[in-house]
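Enquirer: So you can see what is in the structure, the chains are spelled out below.
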Amino acid sequence: MLPEFASINPETKEEALAYLACLEDVRVIAGGTDLLVDLKRGGSCSNVVDVMNVAGLKGLSVAGGDIVIGSTVTHAALSRSTLLSDAARSLSVACGWIGSPQIRNMGTIGGNLVNASPAADSIPPLLVHDAVLSIESKAGGREEALEDFIVAPYETSLKPGELLTSVHIKGLPGYREGYRRIAKRAAWAISRLSVAWAVREADGRFIDVRLAIGSCTPMPFRPRNVEGFLRGKEKDDSTIGKAVAMVIGEIRRITGDRPSFVYKLPVVKDLVQKALRD
Amino acid sequence: MKKISFILNGKTAHAEVEDNEVLLRTLRERFDMKSVKEGCGLGECGTCTVLIDNEPHYSCLTLASKVNGRDVKTVEHLGNAGLLHPLQEAFISSGAVQCGYCTPGMLLSAYSLLMKNGDPDDNEIKEAISGNLCRCTGYIQIVEAIRNAAGICKHQS
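Top to bottom, those sequences are chains A and B.
Residue 1 is where the first sequence starts when you use my numbering, and the numbers rise one by one after that.
Residue 1001 is where the second sequence starts when you use my numbering, and the numbers rise one by one after that.
Wrong hints could be hidden among the right ones.
What the hints assert, rightly or not - Below, a list of computed lysine-lysine pairs in the DSSO-like style, where the Cα atoms sit at most 30 Å apart: (1) A/13 x B/1154; (2) B/1034 x A/13; (3) B/1002 x A/138; (4) B/1003 x A/58.
Hints listed in this document are in silico derivations from the structure and should not be mistaken for laboratory results.
This structure is a prediction, so every number in the text was calculated from the model and none was measured.
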């Protein structure tokens, strides 16, 4: 059973921000796939602001070379977007793996980010695309890189009264991109390990490599030392072997040794190798 | 309380719902749509699936206020005991129904698929019902039923 709460359905951003500024013990609902589960499992709040009808949070657009994704765009819409499958393929692939068809029709990119699960499928590809988030409150707005927004598992920098309004990413034309994940089964499962990549190559050399690893460390991360190492290097087995070893070294540095590594590290090795070799 | 108006199985519907009321409860208790089942109540099993604007949603995790102005379909939209939909006929003839608890949700996920894709392959069918769990028949008969129904629907149109 859900606890008792009052719900409000604003239609404009200003209205939503005004409610968030003045209501006590308030939480934001979009698709509801995380919030309602939390409330049914014993969580509580007195007020719920449903932002799904807010016009200013919807839709995908292109502005000044950036792709702007409204925070209430659903995973289903992202996985079907031709704009994304052309310019941010790893993200559209990842969104097609989230939950089940029902969850993808309900859940939103904003919800996925604010929930900040270490296993969130949308996060590794967004890191690859240097995602910057627009966050607004009645007092004003700020922008923050996704990398800084998630401060710990299930914890973000969002302060009371603030609302994640849009996600800005750079398209990566000329890169080959992808997202692969390993889960207990193919569909309707939480990622046990995931890798997003975008790779630009020319004349047998890596020009720019972007990697993000999810479900392995407390927060999905980009091994930037490995990306730096690969820049300009010849694309051969020796380079790729060194890069893979560096990724694993980075994971060990972040988390220390873990019992799950017996399984996870060989999988990371395999996924990163494939991403670089393809 | 909130007043909502929506289309339910093709007809205008009005209701006054609690702020914390989920659509599952509205449909079962206010509109007597007992085909909509509560299973896990946490958006995992899919037996509460309804179509909102023809796309499957978990009604156990959908606040009723969200469907104001939208189109909602339950399995009652498909057919009735006197005249079943080809999908329902196919579920019976393929042995895709055992305890029946998952069946309304399965049918709606399948119906939504066939509206968009009249000739799905087995992978597309499996993908479409991946958010609906069945613990009796398994999935082979269900996939077969949907494949057969697609053939019949195509033939009829």
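Enquirer: Out of the numbered hints, which ones does the structure contradict?
Expert: Hint check: 1 and 2 fail, others pass.
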